[in-house]
Amino acid sequence: MAGVSFEAASKVYGDGTRALDKLDLTIEDGEFMVLVGPSGCGKTTALRMVAGLEEISEGVVKIGDRVVNGLSPKNRDIAMVFQSYALYPHLSVHDNIAFALKIKKVPKAEIRRRVDEAARILDLEPHLKRKPRSLSGGQRQRVAMGRAIVRQPQAFLMDEPLSNLDAKLRVQMRADIKKIQGDLGVTTIYVTHDQVEAMTMGHRVAVMRKGELQQVADPIELYNRPLNMFVGGFIGSPAMNMLDARVERRNGSFEIVVGDVRIPLDETKVAQHPGLSAYKGGRIVLGIRPESLEDAALAGEGNGPRLRGQAELREALGSEMLMHFTIAASPAVTNEVRELAEDVGDDRALGQLAEGPSARASLVGRFSPQTQIREGESIEVAVDARALHFFDVDSGLAV
Amino acid sequence: MGVRLLGLGARMAILLVFAIFFVAPILWLVLAPTKSDHALVTSSPFSFGSFHNVGLAWRHLDAYSDHLYRRWIANTLVYSLSATAITLAISIPAGYGLALGKFPGRKLILSLTLVVMIMPAASLVLPIFLELNALHLIGSVFSVILPFSFFPFGVYLAYIYYATSIPPELLDAARVDGCGEWLTFRRVALPLAKPVVALVFFFSFVSNWNNFFLPYVVLADSNQYPITVGLSNLLASTPSFNPAVGGGGQTTNIFKPELALATLVAVIPVAIVFLFSQRALVRGTLGGSVKQ
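First to last, the sequence lines map onto chains A and B.
Quick note, the first sequence lines up with residues 1 to 399 if you use our numbering.
Quick note, the second sequence lines up with residues 1 to 292 if you use our numbering.
Derived from the structure by calculation, the hints contain no laboratory data.
All of these numbers come straight from a predicted model, not from anything done at the bench.
Each hint should be verified, as a subset may be incorrect.
[As the list claims (entries may be wrong)] The list that follows gives simulated cross-link-like pairs (lysine-lysine, DSSO-like), each with its CA atoms no further than 30 Å apart:
(1) B:Lys256 x A:Lys102
(2) A:Lys22 x A:Lys210
(3) B:Lys107 x A:Lys104
(4) B:Lys256 x A:Lys105
(5) A:Lys104 x A:Lys178
(6) A:Lys62 x A:Lys168
(7) B:Lys107 x A:Lys102
[To be verified] Listed next, with one range per pair, are the computed distances between beta-carbon atoms:
(8) B:Phe103 x A:Lys210: 27 to 37 Å
(9) A:Gly64 x B:Val78: 50 to 60 Å
(10) A:Glu315 x B:Phe103: 47 to 57 Å
For every residue, glycine included, the Cβ atom is placed at its ideal position computed from N, Cα and C.
Could you build all of it, start to finish, from the sequences and the hints given here?
Following this line, the structure appears as structure tokens:
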């Protein structure tokens, strides 16, 4: 096994499109690294460059200490799980799993031992003689995994391997893959656009956008301290609410002004964001995670800041209530917001963005399920001022 | 109700007329060898003669010029199968390369394939004759087999198949699994090409089997004729079609029933090939490889 590293690796197409732009990323030996981002962000290109299926235009890709730029896929000693599984339809499950070993002319007894072991791990023993077409989606996915693990390769490359499974199976396979990777300790690069997979599976997560790496960090760090607006908006579901706000200083303390509401910041918070003082009197993008919002009636006593608006839609999930509501404030309108809306296909948000500056902003709050608020009612929402995020309006960078 | 029935009746009548128009000659041909030459023109066209007559016609046909008919069938099998084998060996990898390869000139070759495909084969006979003549191949079996092996339609069929039916990820998987380009083709792309192999085999075989003009031009010895040229030779030996035959002391027993039988027997290999190819064609070889 070996680590994988990208050193200023780029992929430039004939028409000048840069699918991947100077990626610098080191994946440690045995690490589970998730590459995540919207479609077209270059994550799959990066993965295919490691596999040797995509030429490296500039820079260097290393597996272990070996530069693999000029090496054909068959000589890279990596295994890949494809989104479509790419099982060989004319071969049985056994022969699919044994394929690479046969090509490598591994002795028959060894092939049998390894295939049997993989089949045991993946619960495929009863299906070894069947052809892929008679398997269910989940079984096919496991065969694809089996094909990778018998190789005992330097690294696993996985290209959205769960995206074709139904939701329930995906949750199960997510845990299975994580466990198998942990048991085998093989360096793994896992590409997904599903941020839940990214958060739950990876030791570290690399967020990408338009061919550029935005941030690499462990999932919790990424969630709590996004380096920019894009990462903040991409990680987390429902997404972070982004509002146009002003920074003001009154009586020696900072306040964030959203519409007609003033949210005072305590000293700890200000100390965490020393850059805020530079924005005094100026505009800033305020990011509020849905869980930092709560029905004021349930938030307990206190005179914390309150947003007032109108409830639009309730989504009861049992353990929580997602409340969509509008307030009298301007939503942040930046390229990042537009791109994130495009990525999830949020036509309503895109429509609002196209209309230009708006006086009403739509927010989502993750409320307690006990909330009594109904659609159409006016709403008072408590804001946890300790968990706010701030971004520069122009650069999108976290303050 | 009455109008609808009338309409249905009218449609059936029209279809029936066309069916009779097309089926009648085939039926006549199938029945012809059961009758004597005389009965063929005097009895009802669709009457059945006897199996005895079929046997008699076959003996006459087989005796013609010392089993020449059998030789023609054998020649045709050799020409058609050899050329089809070469066609398959060339067109399947060619179609694969054109569909999934990346190399300079790919589009040009593809366009040329299409252009050559729509050119009538007969238009090339003269230049091919001159070429074979220059190579001193006229009169040899290669003068038929080599031109027959040139089958751009097969390349096109293989191209279409690979471009539409094989997910590129499948080939990527093979490459990552340790296959070089040749093994990727040999172990994955070729086994999956059974339907198109059957298709190319069928079309190539039938077109070779039915080719008349080229062998007619390049072969001089009647012992080398394929069945198409042989049949025209046979036609010329029938007194009904060529009054000159039978004069000058020649004796031949080739009459209309023998000719009909010769034509029918010549169709049998094509029918057999069709049956086998068809079975391979309908099989869904690709099920389950990738999520649809």
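Cross-check of the supplied hints:
no.: 1; hint: B:Lys256 x A:Lys102; in the structure: 62 Å, violated
no.: 2; hint: A:Lys22 x A:Lys210; in the structure: 12 Å, holds
no.: 3; hint: B:Lys107 x A:Lys104; in the structure: 35 Å, violated
no.: 4; hint: B:Lys256 x A:Lys105; in the structure: 64 Å, violated
no.: 5; hint: A:Lys104 x A:Lys178; in the structure: 27 Å, holds
no.: 6; hint: A:Lys62 x A:Lys168; in the structure: 36 Å, violated
no.: 7; hint: B:Lys107 x A:Lys102; in the structure: 36 Å, violated
no.: 8; hint: B:Phe103 x A:Lys210: 27 to 37 Å; in the structure: 31 Å, holds
no.: 9; hint: A:Gly64 x B:Val78: 50 to 60 Å; in the structure: 58 Å, holds
no.: 10; hint: A:Glu315 x B:Phe103: 47 to 57 Å; in the structure: 54 Å, holds
Consistency note: the structure conflicts with the earlier hints numbered 1, 3, 4, 6 and 7.
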